[in-house]
Amino acid sequence: MLWFERQVVTTLTANLDEGLRAEVEAYVDETLRAMPEHLRAGMAAESVALGAWTRVRGGAGRSAPGASLDRLESSRLDPVRQYVRLLRSLVLFAEHELGHRPAQVVAT
Amino acid sequence: MTTLDAEVLVIGSGAGGAVTAATLARAGRRVVVVEEGPWVDPDALEPFSLEEMVAKYRHRGLSAALGSPTIAYAEGRCVGGSTEINSGLWHRLPPYLADEWRHTYRIDEFSPETLDRYAEGVERELSVSRVPGAPPPSSAVLERGATKLGWRNVEFSRVFRYDTNGRGVKQTMTRTLLPSALDAGASLIADCSVTRLLRKGDRIIGARCRRRHAGGAVEHITIHADHVLQRSGVRHGVGAGLKLHPTIKIAARFPQPLDHDGVPMHRITEFAPNLTIGGSASRRGHVAMALAESAGDYRDALDNWEHVLVYYAAIRSDAGGRVMAVPGARAPLVTYRLTEADMSRLARGLVHLGEVLLAAGATELYPSVADGLVARRTEDLVAWWDAVTRRRTNLMTVHMTSTVRMGEEQSRTGADSFGRVWGFRNLRVNDASLLPDAPGVNPQSATMTIAARNVAHFLAEA
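So the protein sequences, as listed, match chains H and A.
Count the first sequence with the working numbering and you get residues 47 to 154, in order.
Count the second sequence with the working numbering and you get residues 12 to 473, in order.
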């Protein structure tokens, strides 16, 4: 994941316990790597642009993506809204699939 | 470098490839099947789970056809192809569609009677059957709602075999035709991608694989193989006619908990073939994603996710798309541009789906429309007519067809009536790419039926 993607995912997983958060982040990271190359390239370009925009708006290092996530989700630009939607969907799916697996029985 | 010799090389092991391989191997042909995905034990993973998506889906299920709006799509990438991950619903090609395609594309020997004969053979082999006893509550929802509204609905058969306790096991290709092909002497190479077909004049003399060379006549290409065809200099009529079923969804909350293990087998056919209503996979993760698509506060619904199921309306689209090779990339570029009539059908589909779910007792409906109003009464559905716009609608599909259409009308097709690619003596396509249009329903039956017909023709001709 690129810097801004990680910031968004970290924001979306803020309420999860540490173990599950690590699992969800790993899932999102691997899934982004598995995307078709042209889609991944487009998303990476968007990540760089949004990361730069967020830093400029809030001052480098002072504005966490969490503060601007709402703004991005209500953006008039389709790709920006879809960007957040994609990451949110991946996080939600992983959170609810990985976080509620049946307990494993371990024979000793 | 390893070199393999084959009489028939089958690229792809899904619905079309498995029929082709099994039939030819049983007829004594030396068959090699190459599959770019892995072999996954069909009993190892829960259907529709995250683990299954990681192991069996292309790009882990994260693909999209670019357009306005973008349409997310999922397809299998494993031995057995999409038969390993789909719902297993079985819809024979309707006779009127067979007639329409036969006339429009001048397809020889394509009468409904001919197709039915091959469909019966495939159905026997795969144990196509109805669920024994009453349908599960998730499916009965559709039946109940449609009955209240006076709409036609059908319980479809599935590619399932049931034991005496009523427990069903989906008869995927890894459980049926692929073992049969291997028993008859075929070889199967998993995790092996074909990167180029080797051409000599009007013949294909072999295929170059990422891991091995395999020699022999090429007889089958999958949708992803359009990519191979284009890179190999085969372009006429290939990749340009992509068709799919755009699908719009609703997460519906009910007063009582419902089953979440399978996919409903009822379909509402009142508006078929242009609009079909059915049910989707509704595991906890799917419910969470579907709820988040709309505008409402979904936290309470998510806390009670056992009461929520995901349903869809799928349309037959007027539009078309393309599958194009991208230099230096493994994944092709897929585009699809919906027409205004398609958008109108989607809006109508969403409203009809809402009507039937409310009639069935749903108390809250969350549409897959950004900022879409959560509907609780029939009157609320009126707002959805204007909400289904290119900017706000979230669509997906699972059925991609028609990139190498079949028929004798050469200007509109990529292959002849039996799948032989125009301009080549020994290159054939035998999968969903051949369907001249999206049939409006799960195309597995049509794909396997046509594949069985084509391979029988090949054997009779040889």
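Honestly, the hints are just simulated from the structure, not real lab data.
None of these values were measured; they are calculated from a predicted model.
We treat Cβ as the ideally placed atom computed from N, Cα and C, and that holds for glycine.
Wrong hints could be hidden among the right ones.
Stated by the list, open to error - Partial list, derived from the structure: chain A residues whose beta carbon lies under 10 Å from chain H:
(1) R71
(2) R295
(3) V298
(4) A303
(5) G307
(6) N315
(7) H318
(8) A381
(9) L384
(10) V385
(11) T389
(12) R402
Here is how each hint holds up against the structure:
1. R71: holds, 4 Å
2. R295: holds, 4 Å
3. V298: Check passed: Cβ of A:V298 comes within 8 Å of chain H, closer than 10 Å.
4. A303: Check passed: Cβ of A:A303 comes within 6 Å of chain H, closer than 10 Å.
5. G307: violated, 14 Å
6. N315: violated, 13 Å
7. H318: At about 15 Å, which exceeds the 10 Å cut-off, the nearest Cβ of chain H leaves the hint on A:H318 violated.
8. A381: holds, 7 Å
9. L384: violated, 16 Å
10. V385: Where the cut-off is 10 Å and the nearest Cβ of chain H is about 17 Å from A:V385, the hint is violated.
11. T389: violated, 28 Å
12. R402: Constraint on A:R402 satisfied, holds at 6 Å.
Comparing the model with each earlier hint shows violations of hints 5, 6, 7, 9, 10, 11; every other hint is respected.
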